[in-house]
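J.: In the order they appear, the protein sequences are chains D and H.
Per my numbering, residue 1081 is the first one in the first sequence, and the count goes up by one each step.
Per my numbering, residue 433 is the first one in the second sequence, and the count goes up by one each step.
Read the hints as simulated data drawn from the structure, not as lab findings.
The C-beta atom is built at its ideal place from N, Cα and C for all residues, glycine as well.
Heads up, a few of these hints could be off.
[To be verified] Computed, partial: chain H to chain D, Cβ under 7 Å:
(1) Phe466
(2) Ser475
(3) Thr481
(4) Ile525
So you can see what is in the structure, the chains are spelled out below.
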Amino acid sequence: RKEVEQDPGPFNVPEGATVAFNCTYSNSASQSFFWYRQDCRKEPKLLMSVYSSGNEDGRFTAQLNRASQYISLLIRDSKLSDSATYLCVVSLYGGSQGNLIFGKGTKLSVKP
Amino acid sequence: GAVVSQHPSWVICKSGTSVKIECRSLDFQATTMFWYRQFPKQSLMLMATSNEGSKATYEQGVEKDKFLINHASLTLSTLTVTSAHPEDSSFYICSEVQAGAVSYNEQFFGPGTRLTVL
């Protein structure tokens, strides 16, 4: 079983649509959770951290369910510029150390 | 904000040659460096972790004699792919952790180096 599994893509949606991505992780000892976005042939960039209480940043809302080991990302009012691959990322460490464990990513294509 | 540069951004080489990739912190001092690689349509996979002034720790399956990492200063780390072969063709990305950061999860990624071995 892969450490981080994501929805298979691609997601093709019209502008203005709401789209949701799901992710599960296998290690219950995981401490930190993130969503990154990666544009084609570019480095990943942090979109947002994910907290158990849920958090929102503009059109983006992330949720974490530790009991189910499940992470989600909701994008409202999709823009063309949201087209990218979204990476679910976990770390076994919080605090003072930690490499990141990446999912394969889900590709989103927002069309006019 | 923090900026990490990588050089070269892409390289094409013949099988058997060695390729050095540099990762440089431009705005901060990095005590810890992670090197990842990403094969097409695959996830980023950690190759090794290096701390300034000490030997790198390699992930299982990554040959330390093939992928030489040098983190001799707080602003520069290098990854050398020795005797590269076509199967080493990949996207190599470094990430750095700012010295004194509360959480090592505050990572800053370089723009990546695309290596193609013919």
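J.: Would the hint on Ser475/H stand, with a C-beta cut-off of 7 Å toward chain D?
T.: Given a least distance of 4 Å, the restraint on Ser475/H holds.
J.: Hint validation: Phe466/H versus chain D, beta carbon distance must be below 7 Å. Holds or violated?
T.: 5 Å, holds
J.: Hey, does the Ile525/H contact hint survive, CB to chain D under 7 Å?
T.: Hint holds; Ile525/H Cβ to chain D Cβ min 5 Å, cut 7 Å.
J.: Min Cβ distance, Thr481/H to chain D: is it shorter than 7 Å?
T.: At about 6 Å, which falls below the 7 Å cut-off, the nearest Cβ of chain D leaves the hint on Thr481/H intact, so it holds.
Going down the numbered hints, you'll see the structure goes against none, and every one checks out.
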